[in-house]
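Turn these sequences into a full structure, and let the hints guide you.
Listed below, chain by chain, are the residues.
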Amino acid sequence: MKALLFKIGAETFALDFNQIQKVVESPGLFAIPLAPPFFSGALNFHNQIIPVLDLAGYLEIATQQRDSRVIILDLSRYGMALSVGAIKNFHSLEEVKPLPCSSTSLLSSVSRLVAREDGQPIRILEPACLKNRLTSGLLARSGKAWHLSRPVLPGEEWGEREDLYPEAGRLAVSAAYSLSIGPQGGGQ
Amino acid sequence: MDMSKYQELFFSEAREHLQAMNGLLLEMEKGTFDDEKMGQLFRSAHSVKGMAASMGFARTAKLAHQLEDWLSELRKKKELAPQMVELLFEGVGLLENLIDDLQAKKEEREINFFLKKSVRQKTGNSPATLRKSVLQQERSGATPPSSKKITLHIHLQNDIQSSAATVNSISSRLASGGEVTATHLCEEAGRCRLEIQLQTALSADGLRKILEKIDGVERVMFPFAVSEQKPPAKAPSPLPKSVRMSTDVLDYLNNITGELITTRHRLEAASDGNRNSGMEESLTELARQIADLQHHVRKIRMMPLEHITATLPRFIRDLSRETGKNVQLKTSGENVELDRAVLEALADPLLHLIRNAVDHGIDKEGVVSIAAAREQDLVVLRVRDNGKGIDVDAVREKVVRLGLASPAQLENLSRTEVLQMICYPGFSTAEKITNVSGRGVGMDIVKTAVNQLGGSLDIQSTAGEGSEIILKIPLHVAIIHILLVEAGGHQVGIPITQVHSTMDISHSDLNCSDDRLTVGLAPLGRNEENQEKEIVPVFFLNEFLALEKTLPKKNNPMILTECGGRKVAIGVDRLIGKKEVFVKALESPLREIKGLSGATILGDGRIFFILDVQSLLQRHPLADAVSF
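Heads up: the sequence lines are chains E and H, in that order.
Residue 108 in the numbering used here sits at position 108 of the first sequence; the count goes up by one each step and never skips.
Residue 536 in the numbering used here sits at position 536 of the second sequence; the count goes up by one each step and never skips.
Read the hints as simulated data drawn from the structure, not as lab findings.
A quick note: this is a predicted structure, and the numbers were derived from the prediction, not measured.
A couple of the hints might just be wrong.
Unchecked claim - Straight-line alpha carbon distances no greater than 20 Å define the calculated SDA-like cross-link-like pairs of lysine to any residue that follow:
1. E:131 <-> H:389
2. H:584 <-> E:77
3. E:7 <-> E:77
4. H:117 <-> H:155
5. H:594 <-> E:137
6. H:584 <-> E:140
7. H:117 <-> H:183
8. H:594 <-> E:22
9. E:131 <-> H:59
10. H:117 <-> H:173
11. H:594 <-> E:136
12. H:594 <-> E:132
13. E:22 <-> H:587
14. H:594 <-> E:140
15. E:131 <-> H:83
16. E:22 <-> H:117
Said to hold, decoys possible - Simulated coverage check for chain E against chain H, where a stretch passes if three residues somewhere in it have a Cβ under 8 Å from a Cβ of chain H:
17. 22 to 32
18. 126 to 139
The beta carbon of each residue, even a glycine, is placed where N, CA and C say it ideally should be.
The following block contains the structure:
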C-alpha cells in the first residue's frame, strides 16, 4: 500500500494514503477549552472545525520535535487531524511481515508493528482504532466528580500551588490536566 | 381541539387525492385494465372517505365511500367498462365540487341524484360508442353520462299528407335510439318544422340512419354536433393556500439564514475600517432584512408541543396496564410552539421521563403532569409526578457503590447535586431492571438531549410528595446569542440563555468562608441599606478551564447564572460582548468533551467554542449553596 511515513521520537509510523485527506502547513490553532492536553487545538478547514491530536502527547512518547505540518485524516471517517514529530515521505509498502508484539500498551492498541522489506520495524497506524480509544477515553471522563482546589483569596501566595498549573503547552494551549479526576481524588 | 387548521390540511390533501384520481382515470381510459392503478384509485378514494368522515363532512364521506365500493368491485371483476370510467369521473368531479362548497363555507351540495343514477347505470347499459375526449360536466340534473340531450330540427315536406303521422313515425323511430323528451311542431312560413328534444347516446350518423327514409321528412338538421363540441373544460380548482414542504428544505433555510448572519458580520468587520456612509446604511438595511428573514424562517419551523404530547395518553394507558398502576395524565400548554428540531429531540426524552415517573415515582396510583410555558427565549417543560419522591439516601448509597464519588466527596454535595447524579450513565435506583425502565439509561438520555439543545435540566423532589423534572430549552436552535468572555487569555462563548445577568464585583465584596468564595447580592431593584443580601457562591471560569492561575482582581467582571435552582456567580477576565452566531454542532471526538456545547466560526475565520456552563457547574462538587 502507498503510505505516508512519519516519525515520533524514535518510532517510525506509516499511515495508509487512503486514510489521509490532506497534509497542510499548520494554520493558527484555536484552544479547545476543557480538552485533555493531548489536543493541540482546533483548526478551521473549509469552515469545518477539526481538532488536532498531538499524537506524541497522546501516545506518551517523549519528544520535543514537532513538524510544522499537520496530517488531516479522512474527515468523513475520522474527523480529526494529527500533529506528529516529523513527516517523512510517501512510500510504497510492500510485503510487510507482522512482528510479534506482546505489549498491551496504548501504542499497540492503535497501531500494528510490522517489518519493512529492509527489516526495519515500522508501525502502521490504524486511525479507526485511534479514534475509538480516544472517544471512549473521553466518554469515560464523564460522570466523575471533580475535586478542585479551593479558590485563592487576595493576599495569598500561589507558591505551593505551582504544581497544579504547569506550563502551558507549545502550540496553543495545553491544558494542565492535573486536576484530580476520579473517585479517589488524585495527588496534588 | 381547534379544527380550523386541520381543515386547510384536509382541503389540500383531499384535492391532491382527487387530482391523482383524475389522472389515473385518464390513464386507465386510454389503456387496458391496470391492477396497480386500480389499487391506487381505491386507496385514494379510501383516504378521502376517511378524512372526510373524521372531519364530519357527511356527504363527502358518503360519496367517497360509494366510489370506494365501486372501485373495490371493479378490482375484483378486473374490468373497467367505459361507462364506469365515465361514472367515476363524474363522481370525482362531484367530490371536487363538494370540497369547493366546504371551502367556501357552504353546505355540502346534494349528491343523492348521483347516488341514485349510478344504481341505474350499473344495471346493464348499451356500451357507449363515443367516449373519446373529456366528458361533459353536468352540474345539475340526473343525466346519464353516456348520453346527451340534443335538439333535432326536422323539416317536413311541404306537401305533407299528415304531419301527425310523420311526427309519429319520427318519434317511434327515434325512440329506438334514445328517449324523446320533448316535441314541438312549429310552422314557419308555411313550412312545418319539428323540434324534437332527444336524450340519446347515438352519434349524428346513428340518428341519420334511424331517420332514413321516413315519409314526409325533407331534411334533418342536427344541432351543432354535440359529439364534436368540446365540452367546457373544468375550471382548475383554486391553488391550495398551504404548501407541504420537505423538512430538508426547512433545515436548509435555517442553515442558510445562519450563514447569512456570519457573512453580514464579515461585511461589518470589513467595512469598519472604512467609514463609508453608503456602506453603513446598506449594512444596517441588510441586518434588518436578515433579521426579518430569520424571524419568518423560525416561524415556519415552529410547531406546537401537541405534536409530541398527542400520543401520550395512549402511552400512559399502556404503561398503566403494564405496571399494574393506575396512572392519570394531565397536560397543559400543548399549544406552546417550539422549533421542529427541538421538538424532535425532546420526543424520546419525554417518554423516558414519563416512564421514570410511573416506574419509580408512583406506587399504586398517581398523576403525571406535563406543563409547558414560554419564558422569554426559553420553553420551560415540567414533568411532575405525585409519587413517593426520589430517595436521596438511596441515591447516595448507589453513587458510592458504583464508584461515581467517594463518601467524602458526597458529603460536600448538596441534596440538589446528589439528585442530579441520577443522570449519570449507568445509574439507576431500581432494584431490578423492569421492562420499562431501570436499565439506567433514561435520565442520561434526557440530560444529553437537553444539553445538546443548549438547555438545562433541574430535578426537584420531596419525599412523600413527588418529583419534578424541569427542562429549560432555548426556543430556537442553531442560531443563538452568545456572550463572549475572556478567561485566562482565551475567548469562549456562553449561551445567553444560561446568563442571568452580568456584573462587576470588587474584591472587597468577596467573602471567604470554609474555603469557598461568596458574594452577597442585593435583590434587584432595591437599594436599601440593610437589605438582606442573597449569598451566592463565586467561581472563576479559569478554574474550570484550568488554563492559568487567577487572582481575584480589584474589579471582577462576573456572570450570574443558575444551577440546580440556585444562583452562581462566575468570574471572568473580561466581558467582551454579545454576539449572534450560528452554532456548529460538534462532531466526534470533540463532541465527547463534556462541557462543550458547540462551536462557531466567526466572520474572520476564528473558532470560538461555546461552553455549557450548566454542565460544568453541575460536575463541580463545590456547586452547592445549602451550607451557607
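To see whether the hints hold, each was checked on the structure:
no. : hint            : verdict
1   : E:131 <-> H:389 : 41 Å, violated
2   : H:584 <-> E:77  : 18 Å, holds
3   : E:7 <-> E:77    : 23 Å, violated
4   : H:117 <-> H:155 : 35 Å, violated
5   : H:594 <-> E:137 : 12 Å, holds
6   : H:584 <-> E:140 : 24 Å, violated
7   : H:117 <-> H:183 : 25 Å, violated
8   : H:594 <-> E:22  : 28 Å, violated
9   : E:131 <-> H:59  : 64 Å, violated
10  : H:117 <-> H:173 : 26 Å, violated
11  : H:594 <-> E:136 : 12 Å, holds
12  : H:594 <-> E:132 : 17 Å, holds
13  : E:22 <-> H:587  : 19 Å, holds
14  : H:594 <-> E:140 : 10 Å, holds
15  : E:131 <-> H:83  : 69 Å, violated
16  : E:22 <-> H:117  : 76 Å, violated
17  : 22 to 32        : holds (count 3)
18  : 126 to 139      : holds (count 5)
Checked against the numbered hints given earlier, this structure breaks hints 1, 3, 4, 6, 7, 8, 9, 10, 15 and 16; the rest are met.
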